[in-house]
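A.B. asks: Construct all of the structure, not just a fragment, from the sequences and the given hints.
Quick note, the sequences are listed as chains P and B, same order. Under the numbering used here, the first sequence has 421 at position 421, and the numbering climbs by one with no breaks. Start counting at 1 in the second sequence, then tack on 469, and there's your number in the numbering used here.
Think of the hints as simulated: they come from the structure by calculation, not from any bench. Where hints are given, some of them may not hold.
Said to hold, decoys possible - To be clear about the criterion: a stretch of chain B counts as covered by chain P if any three or more of its residues have a C-beta under 8 Å from a C-beta of chain P, and this derived list gives those stretches:
#	stretch
1	477-485
2	494-507
3	513-520
Unchecked claim - Between beta-carbon pairs, the in silico distance windows are:
#	chain 1	residue 1	chain 2	residue 2	range
4	P	Lys-407	B	Val-473	17 to 27 Å
5	P	Phe-18	B	Arg-520	33 to 43 Å
6	P	Lys-118	B	Tyr-488	47 to 57 Å
7	B	Tyr-488	P	Ile-145	29 to 39 Å
8	P	Ile-145	B	Lys-487	46 to 56 Å
9	P	Gly-159	B	Tyr-488	44 to 54 Å
10	P	Gln-409	B	Gly-496	47 to 57 Å
11	B	Met-470	P	Ala-451	11 to 21 Å
12	P	Gln-409	B	Tyr-488	44 to 54 Å
It should be emphasised that the depicted structure is a prediction, and the values quoted were computed from it without experimental measurement. Don't be surprised by glycine CBs; every beta carbon is placed ideally from N, CA and C.
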Amino acid sequence: MITWFWIFSIIYIGLLIFASTRTFKKDRSIDDFMLAGSNIGALLGVLTYAAALFSAFIFMGMPDFFRVHGVGAWIFLAVSDGAMFFFIFWFGYYLRNKAKTVGFKGMSGMLSTIYGTKWAGYIVFIGAFIFLTPYVAIQIRGISIFFNAIFPALLPTWGWALIIVMIMLAYGIIGGLKAIVFSDAIQAFLLLIVLWIIGYNCVKYFGSVNNLFDQVEIVDNKLLSIPGPQGLFTVQFLLATFISILLLPASQPQFSTRIVVMKSMKETYRMAAGLTVVATLVFVATAFIGMYGAVKYTTASTRDFISNTLLFDQSNALAALAIVGLFAAVLSTSNAQVFALGSEFRSLIKGDDKSVLLKTRVALALFTVIVLIFSVMMSDELVLLARVSFTGTSMIAPIILVGILSKKQPGKELILASAIALFVFLFSLSEYIPDEVGGVRIDLALHGFLALVILLSLSIRSIKSQINS
Amino acid sequence: MGVVFLSIITFTPLVIPKYTYLPELFGLPYTLWMGMLLSLCFTILIFIGIRVHPGATKNENNS
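C.D. replies: Right, here's the structure in full:
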C-alpha cells in the first residue's frame, strides 16, 4: 500500500503544481486573485462547490453517521442538500443581480454597503469566523489522527496537521481562488471515484442491496427507520438541520462566493443541476458504506470502522487512493473556508490594490495559524461539529437574505436580531443557556425568532413608507 | 411551490414514519427510498426551473 500511496501522492501533488502554474499570473489584479476573474464554467462550478461542501465530513463522517444512526441520515443530509441546491438556483439569481448593482468583493463588504453600516459586515464576518474556524480545525485534526494511526512511525499527529496547513497556506496565498477551484475539481473527482468503488465493494460483499439490508435488519432494525437506534433523528432535529443547510449558500461565504464567480446565470443554474446529480451519487455510496459498517463493524470505534472499511478491506491501490482522496478532501474544503474568511476580511478593508492584497495575504496566514492551533487542541465529533457550523452561520442568514432580496435599504434591527441569535446560540453551545425553550430546540426557536423579526421589520417599514407617501 | 410542498412533506409521517421500514422497494427500507425519491424530485424541479426561469435565457456574462 505504501508504494501505491507515494505514487498517487506524487500524481496528486503534480496535478496541484500544474494547476497553480496554469493559473498563476504575475500581474493579476486583486479580483483575479480573490474572485478567479469571475469566469467559472458549470462543470468546474459543480466540482468546486461539491469539494467545498463535501469535506472529510462526507468521506468519514457520513458513512459513520449511517452506521450509527441509520437511514435517517439520508433525510438529515441528502434531502436537505437537494433543497439547498434548489435554493442556489433561486437565491443565486438575486445574489448575482445584487452583486452586479452593488459590487461584490465579499458578502461582508456588500452587506455593509446595502445596510449603510459597517456593523452588518462585521456581524457576518464574526459569524463566519466563529463557526468556520473550528469546523476547518476539526477536519484537519480528524485526518491527522487518522494518518497517524495508519503511519504511526512516519509523523506525529501535529506533524500531519502542520503539513496540511503549510500546503494550504502556500497554495491559497500563491494561487488564489482559481488555483483553489482547480484543486477542488481534482478532489471532487477523486472523492466520487473512490466512494463509488468502495460503495460498490460494500454491496458486492453481501451479494446484493437486498442482502445488505436484510443483514442490517438482523443486526438492529432500528437502523432502518427514524429516529434511529440512539433516537437522534427527531423531527425537530431534522427540521433544524434542514433550515441550516438550506441557508448555506447565503450564510457561508465560500458558497456565496462560488455563486457570484460563475461565468453567467445560465452556468450557475447548470451548476445547481449538476450538484444534485453529484450529491445523490455521493450519498448513495456513503449509505452503502455505512450499512456495510453497521453489519461488519457494529461495535467498532469510528476510527476502526473507517480504517477497516476504507483501507484494510480494499485492495492496496484503492486504499492508497482513498488516503490521497481524504487528504485532498480536507485540503480543498479547509482551503475554501479559510480563503473565504480572507475574502470577507478583504471586503471590509479599504486601500489601494497592493496594500489590500498584502493585508489579505497576512490575514490568510493568520487564519491558517489559528486553525492549526485549534486543530491541535480540539476534541473530535466530525458530523455534529459540521452541523453546529451550519447552524451557527445560519443565524446570520436573515441579514443576508433580506439584504439581497429587498429593493430598499433594510432595517438595522435585523443586524441586532441576528447578533442576538448568534450569541444566544453560542451561549447555548457553552451550556450557559438551556438548549431547549418550552420543548423546542434552541436552534429551531432562534430560526422562528429571526423569521418573526424579519416579518415585523418588513411589515412596519412597508406601512411607514405607505403613510409617508 | 413544488419545492415548498416537498420540503413540508419531508417532515411528515408520509416520509419519516417512526419505527417503520416497510414497504421496501428494491430491498431499500421505506424512509431511504422515499428520501431518494424526494432527492430525485428536487433534481427534476431544478431541471424544470432551468427551462422556465427568466435568468436562464438572459444572455448575461461576468467576463
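A.B. asks: Each of the hints needs a verdict: does it hold here or not?
C.D. replies: Quick rundown of the hints versus the structure:
no., hint, verdict
1, 477-485, "holds (count 4)"
2, 494-507, "holds (count 10)"
3, 513-520, "holds (count 5)"
4, P:Lys-407 / B:Val-473: 17 to 27 Å, "holds (23 Å)"
5, P:Phe-18 / B:Arg-520: 33 to 43 Å, "holds (37 Å)"
6, P:Lys-118 / B:Tyr-488: 47 to 57 Å, "holds (52 Å)"
7, B:Tyr-488 / P:Ile-145: 29 to 39 Å, "holds (35 Å)"
8, P:Ile-145 / B:Lys-487: 46 to 56 Å, "violated (36 Å)"
9, P:Gly-159 / B:Tyr-488: 44 to 54 Å, "holds (47 Å)"
10, P:Gln-409 / B:Gly-496: 47 to 57 Å, "holds (56 Å)"
11, B:Met-470 / P:Ala-451: 11 to 21 Å, "holds (19 Å)"
12, P:Gln-409 / B:Tyr-488: 44 to 54 Å, "holds (51 Å)"
Checked against the numbered hints given earlier, this structure breaks only hint 8.
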